[in-house]
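Q: If you want the building blocks of each chain, they are given just below.
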Amino acid sequence: MRALPPPPKKNTQRRTKVPTLPPLMRSRAALGLTAAASRSELRLQQCDDCGSVLYPPRDACSSCLSVDLSWQAVSALGTLLAQTNVHISTNTYFRERAPLRVATVRMDAGPSIICHVHADCEAGARVQMINRLDKAGQGVLMALPQKVTPNMDDDPQLRELTAHPKHRRILISDGRAGVVPFLVEALQEAGAGMIFVGLPEDWRPEPNGQALRDRQGVTLLPMDVTDTSSIRRMAGEIGGKVDILINTARFVRPGGILDRRDTVFSSDEMEVNAMGMMRLAQSFGPAMMMRGADGDGSAVAFVNLLSIHAIANDPAFGSFNASQAAALSISQSLRAEMRSGGIRVMNVYAGPTDDEWHQPLPSPKVAPQALARSIVQGLVDGSEDVFCGDFAKDIFERWCRDAKVLEIELGQGTG
Amino acid sequence: MARRAYDGVVLTAPVTVPYQRYSNETAHWWIARALREALSLAQMKPQQLDGLSVASFSMVPDTAVGLVQHLGLSPRWLDQIVTGGASGITAFRRAARAVQAGDADVVACVAGDTNRIDSFRKMLSGFSRFAMDATYPYGAGGPNACFALLTDHYMKTYGATREDFGRLCVAQRDNALRNSDAIMKKPLTLEAYLAARMVSDPIALYDCVMPVAGAEIYLVMREDDASARGLKSARMASTIERHNAHSDDAIQMRGGWSVDMDEFYAMADCGPHDMDLVQTYDDYPVISFMQLEDLGYCDKGGAADFLRDRDLRIEGDFPHNTSGGQLSVGQAGAAGGFLGLTEAVRQVTGQAGSTQVPGAKRALVSGFGMINYDRGVCSAAGVLEALT
Amino acid sequence: MMNATVLSDMAVKLASGAIRVVDLTHTLDPDFPVIVLPPEFGQCGRFRMEEISAYDERGPAWKWHNFTCCEHTGTHFDAPNHWISGKDLPHSSVDEIDPAAFVGPVVVIDCVEETRADEDFILTVDHVIAWEALHGAIPADSWVLLRTDWSKRRGAAYLNMRDDGAHSPGPGVEAVQLLVNERNIRGFGTETIGTDAGQASDFIPPYPAHYFLHGAGKYGLQCLNNLDQLPATGAILMAAPLKIRNGTGSPLRVLALVEENG
Numbered sequence: 001m002r003a004l005p006p007p008p009k010k011n012t013q014r015r016t017k018v019p020t021l022p023p024l025m026r027s028r029a030a031l032g033l034t035a036a037a038s039r040s041e042l043r044l045q046q047c048d049d050c051g052s053v054l055y056p057p058r059d060a061c062s063s064c065l066s067v068d069l070s071w072q073a074v075s076a077l078g079t080l081l082a083q084t085n086v087h088i089s090t091n092t093y094f095r096e097r098a099p100l101r102v103a104t105v106r107m108d109a110g111p112s113i114i115c116h117v118h119a120d121c122e123a124g125a126r127v128q129m130i131n132r133l134d135k136a137g138q139g140v141l142m143a144l145p146q147k148v149t150p151n152m153d154d155d156p157q158l159r160e161l162t163a164h165p166k167h168r169r170i171l172i173s174d175g176r177a178g179v180v181p182f183l184v185e186a187l188q189e190a191g192a193g194m195i196f197v198g199l200p201e202d203w204r205p206e207p208n209g210q211a212l213r214d215r216q217g218v219t220l221l222p223m224d225v226t227d228t229s230s231i232r233r234m235a236g237e238i239g240g241k242v243d244i245l246i247n248t249a250r251f252v253r254p255g256g257i258l259d260r261r262d263t264v265f266s267s268d269e270m271e272v273n274a275m276g277m278m279r280l281a282q283s284f285g286p287a288m289m290m291r292g293a294d295g296d297g298s299a300v301a302f303v304n305l306l307s308i309h310a311i312a313n314d315p316a317f318g319s320f321n322a323s324q325a326a327a328l329s330i331s332q333s334l335r336a337e338m339r340s341g342g343i344r345v346m347n348v349y350a351g352p353t354d355d356e357w358h359q360p361l362p363s364p365k366v367a368p369q370a371l372a373r374s375i376v377q378g379l380v381d382g383s384e385d386v387f388c389g390d391f392a393k394d395i396f397e398r399w400c401r402d403a404k405v406l407e408i409e410l411g412q413g414t415g
Numbered sequence: 001m002a003r004r005a006y007d008g009v010v011l012t013a014p015v016t017v018p019y020q021r022y023s024n025e026t027a028h029w030w031i032a033r034a035l036r037e038a039l040s041l042a043q044m045k046p047q048q049l050d051g052l053s054v055a056s057f058s059m060v061p062d063t064a065v066g067l068v069q070h071l072g073l074s075p076r077w078l079d080q081i082v083t084g085g086a087s088g089i090t091a092f093r094r095a096a097r098a099v100q101a102g103d104a105d106v107v108a109c110v111a112g113d114t115n116r117i118d119s120f121r122k123m124l125s126g127f128s129r130f131a132m133d134a135t136y137p138y139g140a141g142g143p144n145a146c147f148a149l150l151t152d153h154y155m156k157t158y159g160a161t162r163e164d165f166g167r168l169c170v171a172q173r174d175n176a177l178r179n180s181d182a183i184m185k186k187p188l189t190l191e192a193y194l195a196a197r198m199v200s201d202p203i204a205l206y207d208c209v210m211p212v213a214g215a216e217i218y219l220v221m222r223e224d225d226a227s228a229r230g231l232k233s234a235r236m237a238s239t240i241e242r243h244n245a246h247s248d249d250a251i252q253m254r255g256g257w258s259v260d261m262d263e264f265y266a267m268a269d270c271g272p273h274d275m276d277l278v279q280t281y282d283d284y285p286v287i288s289f290m291q292l293e294d295l296g297y298c299d300k301g302g303a304a305d306f307l308r309d310r311d312l313r314i315e316g317d318f319p320h321n322t323s324g325g326q327l328s329v330g331q332a333g334a335a336g337g338f339l340g341l342t343e344a345v346r347q348v349t350g351q352a353g354s355t356q357v358p359g360a361k362r363a364l365v366s367g368f369g370m371i372n373y374d375r376g377v378c379s380a381a382g383v384l385e386a387l388t
Numbered sequence: 001m002m003n004a005t006v007l008s009d010m011a012v013k014l015a016s017g018a019i020r021v022v023d024l025t026h027t028l029d030p031d032f033p034v035i036v037l038p039p040e041f042g043q044c045g046r047f048r049m050e051e052i053s054a055y056d057e058r059g060p061a062w063k064w065h066n067f068t069c070c071e072h073t074g075t076h077f078d079a080p081n082h083w084i085s086g087k088d089l090p091h092s093s094v095d096e097i098d099p100a101a102f103v104g105p106v107v108v109i110d111c112v113e114e115t116r117a118d119e120d121f122i123l124t125v126d127h128v129i130a131w132e133a134l135h136g137a138i139p140a141d142s143w144v145l146l147r148t149d150w151s152k153r154r155g156a157a158y159l160n161m162r163d164d165g166a167h168s169p170g171p172g173v174e175a176v177q178l179l180v181n182e183r184n185i186r187g188f189g190t191e192t193i194g195t196d197a198g199q200a201s202d203f204i205p206p207y208p209a210h211y212f213l214h215g216a217g218k219y220g221l222q223c224l225n226n227l228d229q230l231p232a233t234g235a236i237l238m239a240a241p242l243k244i245r246n247g248t249g250s251p252l253r254v255l256a257l258v259e260e261n262g
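These protein sequences, in sequence, are chains A, B and C.
1 is the number of the first residue of the first sequence in the working numbering; add one for each residue after it.
1 is the number of the first residue of the second sequence in the working numbering; add one for each residue after it.
1 is the number of the first residue of the third sequence in the working numbering; add one for each residue after it.
Since the hints were derived computationally from the structure, they do not count as laboratory data.
For each residue, glycine too, the CB sits at the ideal point set by N, CA and C.
Hints may be right or wrong, so weigh each one.
[As the list claims (entries may be wrong)] Calculated pairs, SDA-like style, for lysine to any residue (alpha carbon to alpha carbon, straight line, at most 25 Å): (1) B:156 - A:27; (2) B:300 - A:106; (3) C:87 - C:240; (4) C:87 - A:261; (5) B:156 - A:119; (6) C:152 - C:23; (7) B:156 - A:122; (8) B:300 - A:119; (9) C:13 - C:245; (10) B:156 - A:128; (11) C:87 - A:106; (12) C:152 - C:240.
[Unchecked claim] Chain C regions said to be covered by chain A (calculated; three or more residues, Cβ under 8 Å): (13) 41-48; (14) 144-158; (15) 218-228.
With the hints as constraints, model all of the structure from the sequences given.
A: Put into structure tokens, the structure is as follows:
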């Protein structure tokens, strides 16, 4: 596949295309596919009784009528049986993107699947199925070539399903975060366009500052997520150029609720971690949503970095984790609100990070390099939920298994 | 157990309410027109009708129940048929047994749908749960993409070409030119067929049916009642229906007919080559090919060769879809599942007029319905014969 | 005709411009620096403002804001209870201070040259004595302001933070003790972020200005502006903090009345 060229400079004489969405409606059963797609996992329904792999999603097994079905990881491999280019669609979203490549793939796991198909897949070829979120935020399946092909990520359909940084302009909200130098490097390796980095309180020294300032393709801007006026000012300047917003701002202090007699740190945690996200969304979100279908460099993603303890509080950082829960809740609302603009709200969850505030904690801790890699991989995959490191994955798995048991374990300090 | 024949039961009063490309009327309106005309032929008042079988996609939010109150009917036997393209035959199978058993004296089997400017789009988005979950989100909603995939696979597997499909479409257009009610009124050449714009390759414009508004009806009653009313009628020698056959096939290359074909012809006491005409369900030519194969005209994959040597026109050696089929007459929703059957009743009763196959006494009618996900789920067939 | 009084005379002079009102206050602005403590300590809240409405759907005819900040944000007042040394004094919180203390005479010690030469400049007893030699003894119960022109600095140069802390001018231990104990001043004010020097944590005792001033019931003023517009002596300072219950300080508008010569 030919490499995607950088998008041309915006023609200011033409109306920006209003984002339209693929169909949003699904059965309740089908939301299992979407849930797996939010983590970019390929899962299909499987009968707990007879083991049949089922598709499309069902309420009962079509082999044995058991109603005990669960979403399981299955072999992603299959054979492309048939394909077509749909030139005419009754749906506006598809009409604007016609012709659409659609294929029938017989999965090694059993079912036949009508799916999106990568341009490099040949008739009769072996393919690898992926499960991704579409612009409506629903899970869809796409067949990729089994082996990596040149510029594979540039396939237009695949790009619709992901938030790939290539040629996209990125705003990193807080350049003081330790992850930022590594994040900038990883984004540029992935082909990112201009990277804007917010730098709060330029009256304070910033160790990252000079290196960022000297880096090609990076522009530092005075911005503080707790200062509405600074965000408004920056949104006024660059709001129409932000394709991906990555919120790196974070305020963290150890301790539970009773470790302090005041709410000063808690208030800072809420202001930065929760309200900061809200302010960024309020100032940058609407402009991003208007540009959700703005060609190859369309706005695609709003990214938050959260502690995995947003889903279950670890009292050692009880106050901070409360702010993370608030931030998670805000992100869930944003996700629904930004859907109509085709903007994906991505949360990257990490365990304890390797920084001054977690210094006395034992390993494993998440290194900033690893966090940067997870963020970029999440964008490349177009995930909604990204779990960085084994710690975060472990907490998430335990939360899925039994949220109450996890709460008890964390409360006992045995988590 | 051997099935009981449809002795003493006939199909009569076939009516096709001429189709319109778009209609602001409702399904109720179209069905009422069909009913009124058929009952008028049978010299019956609406209140005398004691059996009703309805097939429609666009009655929403009504069902057959809402319809009877809407139309002032009071049947003692009521049915709603949901098999789409197979509804003509499946409606008969139920109605005939009711009449045979005395549960109803006369069953009006009616199918009708309207077609507003955007009703096709709306119908597609809510067609089925599997479509909602697994085809519509891919831009593959509706039958075009699904049949494109089947056709692509069929062509690659059996070597059929677009010319092979084109010949069938061109022949049907020739037939349609003799049917003044057909929506398509211009001749179609093979060159024009091949040059048409792609809809979903390899499906091009003339492989697709035109969604239209319209209604079809026939009455099922006892043979002696029909003759007492002075109606010309036909008998059904055999029928089959089958749903979700061959569900393990990776992609649909055959339908339920192949499961039941032997029993079908045994009951009819004839074979595929004993037909004077054949009405296949033709919402894409590849489906007509599959029906011919699965109903014994040739081996699987052999339809292209089989048809290459035959003339499918009304006066040809293999009269097929004599009114022009859905490809040229239009597809009036569920009425598309009746079109071949009402035309066949007219044919074997000598009432087909300008599309009459001379001396037609026996017709094969086949139905195929409901692209629930990746394939048609319902199949049906019947052998219709003139009364001797 | 009314008898001329001090105030009526002053009103005339204010109207004529013979008495000038000088604003010694920085604008409250989210970007204005605040003191930065080691991060494990709670921090001084930055000035933040949220719009409630702006003649729009949130309030069609009016505009207003909520703002938040610390008692010690921007140009601000330090009350004696700000420091542990003054915590048990009577009337040590801003709401209890006699309002008479908010208006009074002010003297300005000009150390602009010394600060230009050394950003860690420390005001010593010798500097005070030398100033008094020129301008006369510092009157009791007057404000003493240290002029360094530090207020003209912008951005990072204002806090002037390095790895070993802030570097900015301030008074030495003995100088503070002289002003407090010998001269019995009302309070001490600076153009920098605090009344103490940037490196005053290493003094004995640490933060002598805070320690001795507040221990003696004296007040502090920080982040002052426009000290270059004040005479060395003869001006009147007006610095009235918000009346916050048990408040340890307050952002405020600091004004000076300066009599024009001739």
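Q: Each hint: holds or not?
A: Results for each hint:
1. B:156 - A:27: violated, 34 Å
2. B:300 - A:106: OK: residue 300 (chain B) and residue 106 (chain A) at ~21 Å, within 25 Å.
3. C:87 - C:240: holds, 20 Å
4. C:87 - A:261: Roughly 19 Å between the alpha carbons, so the hint for residue 87 (chain C) and residue 261 (chain A) holds.
5. B:156 - A:119: holds, 19 Å
6. C:152 - C:23: holds, 14 Å
7. B:156 - A:122: Holds - the C-alpha atoms of residue 122 (chain A) and residue 156 (chain B) are around 13 Å apart, at most 25 Å.
8. B:300 - A:119: The given pair, whose Cα atoms are some 31 Å apart, is violated under the 25 Å limit.
9. C:13 - C:245: The hint is violated at about 36 Å.
10. B:156 - A:128: Since the Cα atoms of residue 156 (chain B) and residue 128 (chain A) sit roughly 22 Å apart, the hinted pair holds (cutoff 25 Å).
11. C:87 - A:106: Since the Cα atoms of residue 87 (chain C) and residue 106 (chain A) sit roughly 80 Å apart, the hinted pair is violated (cutoff 25 Å).
12. C:152 - C:240: holds, 24 Å
13. 41-48: It holds: at least three residues are needed, and the region 41-48 of chain C offers 4 whose Cβ sits within less than 8 Å of chain A.
14. 144-158: holds (count 3)
15. 218-228: violated (count 0)
Of the numbered hints stated above, those contradicted by the structure are hints 1, 8, 9, 11, 15, listed in ascending order.
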